[in-house]
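Chain order of the listed sequences is A and B. Sequential numbering of the first sequence, starting at 801, is according to the working numbering. Sequential numbering of the second sequence, starting at 801, is according to the working numbering.
Hints listed in this document are in silico derivations from the structure and should not be mistaken for laboratory results. Check each hint, because a few of them may be wrong.
DSS-like cross-link-like pairs, simulated, lysine-lysine; straight-line CA separation at most 30 Å [what the hints assert, rightly or not]:
1) K1391(B) / K1386(A)
2) K958(B) / K1358(A)
3) K1191(B) / K1085(B)
4) K956(B) / K817(A)
5) K956(A) / K817(B)
6) K886(A) / K956(B)
7) K1212(A) / K1386(A)
8) K1152(A) / K1085(A)
9) K958(B) / K1062(A)
10) K1264(B) / K906(A)
11) K1117(B) / K1134(B)
The following label-pair restraints were derived from C-beta to C-beta distances [said to hold, decoys possible]:
12) M984(B) / G974(A): 17 to 25 Å
13) N1251(A) / G919(B): 45 to 53 Å
14) E949(B) / I1064(A): 25 to 33 Å
15) N1367(B) / E1266(A): 31 to 39 Å
16) G1116(B) / P986(A): 53 to 61 Å
17) E949(B) / N855(A): 48 to 56 Å
Chain A is faced by these chain B residues, among others (derived, beta-carbon under 10 Å) [claimed, not checked]:
18) P965
19) I1361
20) F1363
No residue lacks a Cβ here, since even glycine has one placed at the ideal position from N, Cα and C.
Residues per chain, in single letters:
Protein chains: 2
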Amino acid sequence: MLRTHNCGELTIKNIDKEVTLCGWVQRTRELGGMTFVDLRDRYGITQLVFNMDTNAGLCEQARQLGREYVISVKGTVTERSNKNAKMSTGDIEITVNSFEILNEAKLPPFTIEDNTDGGDELRMKYRYLDLRRNPVRNNLELRHQLAMETRNYLSKLKFIEVETPYLIRSTPEGARDFVVPSRMNPGEFYALPQSPQQYKQLLMVAGYDRYFQIVRCFRDEDLRADRQPEFTQIDCEMSFITQEDILNTFEGLTKQLFKSIKGIRMDKFTRISYADAMKYYGSDKPDIRFDMRFVELKSIEADAASQGSLFHLTNGKDFKLFDEAEIVVGINAKGCSEYTRKQLDELTDFVKKPQIGAGGLIYVRYNPDGTLKSSVDKFYTADDIKLWAEKFNAEPGDLILILAGKTEKTQKALNELRLEMGSRLGLRTNDTFAPLWVIDFPLFEWDEETNRFYAKHHPFTSPKPEDIPMLDTNPIDVRANAYDLVINGVEIGGGSIRIFNKDLQKKMFTMLGFSDEEAQAQFGFLMNAFEFGAPPHGGIAFGFDRLCSMFGGSESIKDFIAFPKNNSGRDIMSDSPSTISKEQLKELSLKVNVK
Amino acid sequence: MLRTHNCGELTIKNIDKEVTLCGWVQRTRELGGMTFVDLRDRYGITQLVFNMDTNAGLCEQARQLGREYVISVKGTVTERSNKNAKMSTGDIEITVNSFEILNEAKLPPFTIEDNTDGGDELRMKYRYLDLRRNPVRNNLELRHQLAMETRNYLSKLKFIEVETPYLIRSTPEGARDFVVPSRMNPGEFYALPQSPQQYKQLLMVAGYDRYFQIVRCFRDEDLRADRQPEFTQIDCEMSFITQEDILNTFEGLTKQLFKSIKGIRMDKFTRISYADAMKYYGSDKPDIRFDMRFVELKSIEADAASQGSLFHLTNGKDFKLFDEAEIVVGINAKGCSEYTRKQLDELTDFVKKPQIGAGGLIYVRYNPDGTLKSSVDKFYTADDIKLWAEKFNAEPGDLILILAGKTEKTQKALNELRLEMGSRLGLRTNDTFAPLWVIDFPLFEWDEETNRFYAKHHPFTSPKPEDIPMLDTNPIDVRANAYDLVINGVEIGGGSIRIFNKDLQKKMFTMLGFSDEEAQAQFGFLMNAFEFGAPPHGGIAFGFDRLCSMFGGSESIKDFIAFPKNNSGRDIMSDSPSTISKEQLKELSLKVNVK
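Please construct the entire structure, taking both the sequences and the accompanying hints into account.
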């Protein structure tokens, strides 16, 4: 080793020790006749001291050191007069006897500090410098810890990690594949896996019983913020289990990660059905760090009995918006009755934004003096509004915010408003974690454009046994044995119990509009495998990049990926993708056809 | 869980317990009024028993069970009368009360037994059935264990695993890249990494100090037996270290793997220079499970003094072959003096095979009675031959085998003969492990065809500091700080200390025939990174598939990969690669151009 110690480990216990350290020059300062150099490596910073009085030549050389120079230093551990309690090495400094410049450095284009002056584009171009900054390095160390904990936890539960292939068969179903031309098989292509779904099911057919893999997946989608063309999954599958076993096993994993990485002990996770998630939060990934559940004043979807009682709250008062609405639904913003006109206008503007799309916002102030004031006072009496306030369990000081319109759209808009209010009220803090299982997803979703059913999860997802009879009568109501793990409103993972019965699988394909030939062409090798004794099985996959960013208290996954791509799928550091040579194209039997 | 226990855990301690097991029907046997079913899962086999006397109906149903049916069984753990000491569950059986067929199975196309009747092609087509067989499952469980041990060992040494990208920039140097067309950047391509070499060096520039990754790599080469287009590496890099630190760290890892996985404690690994490996074994990956070192009777490469003494052993006796040879070199096959004429002819045929290419084989028998008999008695006297025998340290009973010709070719041929003799003499057993570091590789190799130097390892490999002056005078003699780990004649890993000095790197590129522009185009982002403070660093990569097969005592890596491809890069199970649709090609701005 070129060093005796790293830059993060020397303390008062090492006083008078002769040491050799290596690292990068973080900064140099001159103070009277002294020169101080902060020497940095992955493990910390150690202060070097040079004295003009005792060794002018060496001190002079030290003053020439530029930022980010790589040096090797020999010296003696000395107690500091001005201790720094914030640093692990803050009690000591190194009185340097000699040093060597191992490598010079050009001036970095941005500061290597926790809060850098570098913009996103510049940081990505010089990612190797950005990676030197503590916050980014901490993120990647966290990622390593999470991967290690996950592997050790699952391995102890007899899961085995099996590496599945990256060069696989392209299937047109689902998102768009990245493809890889085969030189040895001209005109043919491999695909990069969107997930190892079929392979993990094959491993269950092969009797592997408990499989996991921390695995890269690829999707050639138009990138949104926080989407990467390559991303990492914790991918799992189990045999001879029920949904309950999957939920418990991966709740166990999640709890273990929170306990060991963040020191947080979690209670049993809340569960909610998809139907209730939509009804009470307008979202299939509710943020339950705060309550603020939806309250319906009217819903045409409610059962007949309650409809009667609901309708009288809103209808027949000549307020056309409510009369014609499928749903009238709101939230109670506790303690917000004194919101100003300006604040209410902001909220109205918020819900009217095109991406949210509400027509307007109705409010009811429950004034601290017990009086009620609403934006629809001209249609409803004080007694009418009083009844609303009771439905909302509102108290003096509260502010009720109401939207009305088509059910699905209104619920979604109110979800956005609820999240906005949660943020405004400081109820969505990064250091609180509220996990939630969303279960009983619908099996199908109907696509208006193509006029057909799509599998909400994927075509191998099993319907709930008790709902199977509805496949023929009202398929849209059939619930699946499918589940998502949501933390703080972010979907961390999802999975399902799979169909392992051939006839049921065939029925599914028929309902999804696949002919036998199409099903065979796309899923043939998996369906063939199922003929040789498939066990009951199911699984789950966690988005690992997102899990890391959740643990790191950030909303951007990019900060948790060593070398991410930008929103057009480019790596600007290496300037990739790039053109390839004519010879390469020829070998691959390809022609580029760009207009 | 659909079971209370698995099929490998019930013992005499569980007698009288009511249990539910799930698994596959391995076989059914009828014996008098009894029917026995072996139920199999990943964990073992448990015997089920049905009695015609006590429950004829159930017994009758059991007799209908086909091989590989998936069933769920309820019953009572009972002590066996005929115990089977070879099975963990051999003391008990399950007296079945009821069972359910979870899934039927078609008759498998080959037997699911340790020694199957399925050929390679059939096993690959139905890989999910092949994976059910114990030997294959054991291989993959071994692989999982090796990966876990590696990760935990390196993690404890403060290595962090960083996931590097799979969609990277294509570089023409080295082997052929697999490329991935970019839809969003028409006419441009990503490449799949042949190794994360540049990224791990960037991580060192970024100060990560100790990096590892168990990572998939891709090479579009014409496949030989035991080459896969995608393969897995244990990839590592360290900063502020010398070659000695790398060797010790990864010797430590290897020892730990042997200790924990195979219970074998290993002594300090032998080291040999590349020059000595060629001189004594004719190979840069000697199998040192057995000695049988080369002995030179003549070598034009030997120093002048010893040449004089060597030449008189072979030259001037009118034996043209030896007179004209650059080298006369042989091995002593202990105890083989009584090889028959036929056996000697076989060995002669062996060395004359085109892929070995020797012109012939000279032998000397040291008969048990002390007399010497050689195939060149007509040129050499008994005294001449006696001198040879002394050089070989031969004793009565030994057989000396000698080749002559051009140095390199003859050494390589003799290496093959040595390995052949090792095998014939049973000196190359699968349960002996002889690790060896081969060090001091040459920095360059000369390519006759293109008339230029190539980097023996890669262009970032550092020359030995003491050899740097020779870069200008006799570059072919410059040794590199490069090393391979060889076990039992198989290259398990290799690496080098990297150049981190800009001027030296520039000189290397010049010597390799790169213009500045070419170097910049291919390695620009790494070279730019080096300008911002690169630390001294170096690394190593282990071939993980090969490491697994070594531990599993097999020579084929395919048996240690869950879903391997065949020698034309096809996965015959999923029939991949395959054609893709016109729409897909159009989106990618590509045309297929197959004649």
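**OP:** Please write out, lowest number first, the hints stated earlier that are contradicted by the structure.
**Re:** Failing hints, ascending: 7 and 15.
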